[in-house]
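Here are the chains, one letter per residue:
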Amino acid sequence: MRPICEHIRIQGVGIDRQLSALEKRGFTLYDIRKINLKTAEFGYAKSNSAEILEFLSQRGFSVSVLPPKGAAHHVQELRSNLFLICLSLCALLLLSFAMRYVWHIEIRGASSYIGEIRRFLDEENIRPGIPAERIDVKALADALTRRLPRVAWVRAYLQGLTLCIDVTQGVPIPKIETEGGNGNVIALQDGVIFSMDVYAGTPAVKPGDSVKAGDVLIYGHERASNETLTTLRARGKVIARSFRSDTAALSLTSYESVRTGRSETHALIRTPLFSLQISDSPAYLTSEFESEYLPLGGAWIPVYLEKRTVHEVYLNPSVPDEARLKAESGRLAMQKLLLSLGENDEIIDKWLDYSMIEGGIILATATAEVLSDIGQFSPETPN
Amino acid sequence: MSKNLLFPPEAVSGASRIILTGEDRLLIEQHKGLFSYDSACIRVRIGEKILNILGEKLVIHRFGADEICIHGTVRALEFDS
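Listed in order, the protein sequences are those of chains A and B.
Taking this note's numbering, the leading residue of the first sequence gets 1341, the next gets one more, and so forth.
Taking this note's numbering, the leading residue of the second sequence gets 20, the next gets one more, and so forth.
Treat the hints loosely; a few may be bogus.
Below, a list of computed lysine to aspartate or glutamate pairs in the EDC-like style, where the Cα atoms sit at most 16 angstroms apart [claimed, not checked]:
hint: 1; chain 1: B; residue 1: Lys51; chain 2: A; residue 2: Asp1356
hint: 2; chain 1: A; residue 1: Lys1577; chain 2: A; residue 2: Glu1381
hint: 3; chain 1: B; residue 1: Lys51; chain 2: A; residue 2: Glu1604
hint: 4; chain 1: B; residue 1: Lys51; chain 2: B; residue 2: Glu67
hint: 5; chain 1: B; residue 1: Lys76; chain 2: A; residue 2: Glu1381
hint: 6; chain 1: A; residue 1: Lys1647; chain 2: A; residue 2: Glu1604
hint: 7; chain 1: A; residue 1: Lys1364; chain 2: A; residue 2: Glu1346
hint: 8; chain 1: B; residue 1: Lys76; chain 2: A; residue 2: Asp1371
hint: 9; chain 1: A; residue 1: Lys1364; chain 2: B; residue 2: Glu86
hint: 10; chain 1: A; residue 1: Lys1552; chain 2: A; residue 2: Asp1530
I should point out that these hints are in silico values taken from the structure, not numbers from a laboratory.
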């Protein structure tokens, strides 16, 4: 059998002669490949490495060791490492043994029933470490479904080393709303009826009708097949086209503060509970101030010094950019209008109108045509 | 003597043995050394003569004291004195 080989590349003159010389010394060479007249590659048994390399270097050859190649090289190295082989085999055996058991139980979707399910599993001796073949997943699922009547269904299955139990809870029947007694559905605001969905009661209007706020949209009664009239709570969705608007006003005149040049500094000692004025503050008619804080200390209550510089100012009236102010008021009005609309309101169209009010105020009005549910239950005596 | 002792004749006389398998494997036993080597021509001493192995992509797969194993496409074998 071929031993573990080392491959080298040699460069020099008279390669053929040296190869013969190596052979005469009893070395077996493998995979001899001539690259060119002065370069060749070959392999030899790794145990002869020192002697061959010394031989070649003495004869003036330049030698470079090539990386090991071939699967045979790696297989041979592995074979020589018996400990590694035994360890790998033991690990494989352990793994195949361990995979025949369930090591983890996962319960999903059980919420308040998880305790009940765990108790049931304990009673049935289903615990981590149980052999997988002892678990009948179908019987387990059936037993759990019978044991938990409020659960819609239970699914149990094995996933690798885990026993998975998926619980889907039943949805309780919703409570039918009967609060407020019988009554009609009336219009919250003016509009033109776009569509109607009547769930209970008799419709009073139809799509295309104009209604005013307070008009009855759905009567709180129904006529049965025997012509008797039954009163009930009217329910339904009435979508109508209506107009909503909102306004925003901004003044054309604004003031900016201009410093006169006079200023004074005074100090205060401050804590979260009180403040103590050290020096008097100046008595300016209009002023603005800047503060600088310096911490003084304090154990549980911080104490700091506030140095306040007060500047005397006068208010200078200024006329701002009218176009900018108009755009700003329009934006504010539209923002207010959009915030006042409901989640389900559908905007068909929207626009802005501007007007000037006495006193130099710009008034922006945002109007939107929307489709919205204008019906509201009114607990009145039905007609 | 070889006939009487039932030994193979090459083992007794020391003659080289050349085994060509197909046209891509050549085994030479009991050679006397490598004379020259090239991917197109390998010259091996066998006894008093030199064997020229002509071919393409010739590689010496194993070169030991007892045998030379050559892989590659062998086109011709010639003996030179």
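To see whether the hints hold, each was checked on the structure:
1. B:Lys51 <-> A:Asp1356: Measuring from Cα to Cα gives roughly 14 angstroms; hence the hint holds.
2. A:Lys1577 <-> A:Glu1381: It is violated: about 91 angstroms lies between the C-alpha atoms, which goes past 16 angstroms.
3. B:Lys51 <-> A:Glu1604: 116 angstroms, violated
4. B:Lys51 <-> B:Glu67: 9 angstroms, holds
5. B:Lys76 <-> A:Glu1381: OK: lysine 76 of chain B and glutamate 1381 of chain A at ~14 angstroms, within 16 angstroms.
6. A:Lys1647 <-> A:Glu1604: Distance of about 10 angstroms is within 16 angstroms: holds.
7. A:Lys1364 <-> A:Glu1346: 19 angstroms, violated
8. B:Lys76 <-> A:Asp1371: Between lysine 76 of chain B and aspartate 1371 of chain A the Cα gap is close to 12 angstroms, so the pair holds against 16 angstroms.
9. A:Lys1364 <-> B:Glu86: Holds, at roughly 12 angstroms.
10. A:Lys1552 <-> A:Asp1530: 4 angstroms, holds
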